[in-house]
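Chains as they are written, first to last, in the numbering used here: chain H, 1 to 253; chain Z, 1 to 253.
Among the hints, a few may not be true.
Since copy identity is lost for identical chains, a pair holds within one copy or between any two.
As a list, the in silico DSS-like pairs of lysine-lysine whose alpha-carbon atoms are at most 30 Å apart [stated by the list, open to error]:
1. Lys-181 x Lys-51
2. Lys-92 x Lys-51
3. Lys-181 x Lys-247
4. Lys-92 x Lys-106
None of these hints come from the bench; they were simulated from the model.
There are 2 protein chains.
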Amino acid sequence: MILAADNLQIFNPVVAKALEERDPRPLQELARRCKEAGAAMLDINPGFLSKRHQERMAFMVDAVQDGVDLPLILDSPDAGVLAKGLAVCRGKPILNALTLEPKKLKEILPLAAAHQTDLVLLLLDERSFPAPTLEGKIALAVELRERALAAGLSPEQLIFDPVMPNLSWPDAWEQVRECIKAVRLLAGGAVFPEPARTMAGLSNLRSHLRRVYPLEVETTCLAMLAGAGLSIALADVLQPGFKEGSKLIQELS
Amino acid sequence: MILAADNLQIFNPVVAKALEERDPRPLQELARRCKEAGAAMLDINPGFLSKRHQERMAFMVDAVQDGVDLPLILDSPDAGVLAKGLAVCRGKPILNALTLEPKKLKEILPLAAAHQTDLVLLLLDERSFPAPTLEGKIALAVELRERALAAGLSPEQLIFDPVMPNLSWPDAWEQVRECIKAVRLLAGGAVFPEPARTMAGLSNLRSHLRRVYPLEVETTCLAMLAGAGLSIALADVLQPGFKEGSKLIQELS
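Produce the entire structure from the sequences given, and follow the hints as far as they go.
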């Protein structure tokens, strides 16, 4: 399992300010700190609400590439934003993410196929809703994989993300359990002919809830996902205690 | 995943004293405390060096059964000791354990088959050595399973234990990694037609090393094994902090 940092995102005030001032240096410094904290990949998320975000993706990718040599995950629900990042990315990034939403199938999938990039398949249905059950999650994985293969991607290019819940959701703990099981099935080769690559985002768990739930909730989930065979854990690698709390998990996975 | 307590064993001074004095009450009290701490099974290990241990197994089983209603794991490398426990056990216990050692194949396997009990298969070779690699562990699992099926046990009766190392062993961390992977493969149904039940003992990790390695080493391994699909975790459930440290892991597995 490797760690990918989700710190380079628009809700991070350091990022927002750097984008506002078009100053690449804070972004480079942030990227370097993520690498030092153990990140082997960086997720780049500039937001997506306006045309401006396309330019911001390009600016972030450019800036970060000048700071560190880590592979990038371009993170946006908007194909236009992803395309701008792709255009300036020196290596081949991972695109994050496809769901069964018609607009994404129509726009993001062809983009990934045209550039032959790796692609994250978020297990979300055509309305962007997660499936409540394990069976539902696997059914979404099957359908997303079929769409991706039909578009010209290979199984090795696909990365399945079971969508970790926020712990304020009414059935959140049950969802966490089902996400861990989904990773185990997908990574273990129980669903497809090949053992699949998987990714899970940990930050959503305690988003707005860090005073309610301690960091140990996140690291325990990380350990269980790692045990289940997770390929990439997307996390706030700079939060206090995370590096120490995830060190042994990384060594053992 | 369920927890099995390994506290009812001869190296526990409370147990040693109770056996010396033939006083069932401390054993019953210990069993009750294990249950309160979250144990859903109790491992009974009276030692095995002399005839005396056969009587001690019977005494422990009798005593514990009068104290709590938990299923028992009879733990001894000696078929005679296991047989004495079986003779007085009210429910059907799990026998712990078979290895590829000729004496155990000759004595413990027929005992399990005759009583049609569940049986732990320790992944140890004919000299009682663990296999250093994942491939070696799986090969041992395949051979042990073949022997057990040939003796008349069914796949559902078998529980595979990958043998967690002591952290003083030179390649201990690598061994932990391989144990987690072995559980993932066995539990995930990647090795046999059926997803297999698995068990792992956590106490050996920090045996004589509790001042060197904190409890978190044990709970992190527990979380990763749980994520990998472990069925039974054998642990010192009464050590300070264990109940709190394992609570979320149990809820999520």
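Each hint tested on the structure:
Taking identical chains as interchangeable, the C-alpha atoms of Lys-181 and Lys-51 are never at most 30 Å apart, the minima being 39 Å within one chain and 46 Å between chains. Only within a single protomer do Lys-92 and Lys-51 lie at most 30 Å apart by alpha-carbon distance; the minimum there is 23 Å, versus 68 Å between protomers. Both within a single protomer and between protomers do Lys-181 and Lys-247 lie at most 30 Å apart by alpha-carbon distance, with minima of 23 Å and 18 Å respectively. Proximity of Lys-92 and Lys-106 under a CA criterion of 30 Å is satisfied intra-copy only: 21 Å inside one chain copy versus 59 Å between copies.
The structure is inconsistent with hint 1 alone, although it conforms to all the rest.
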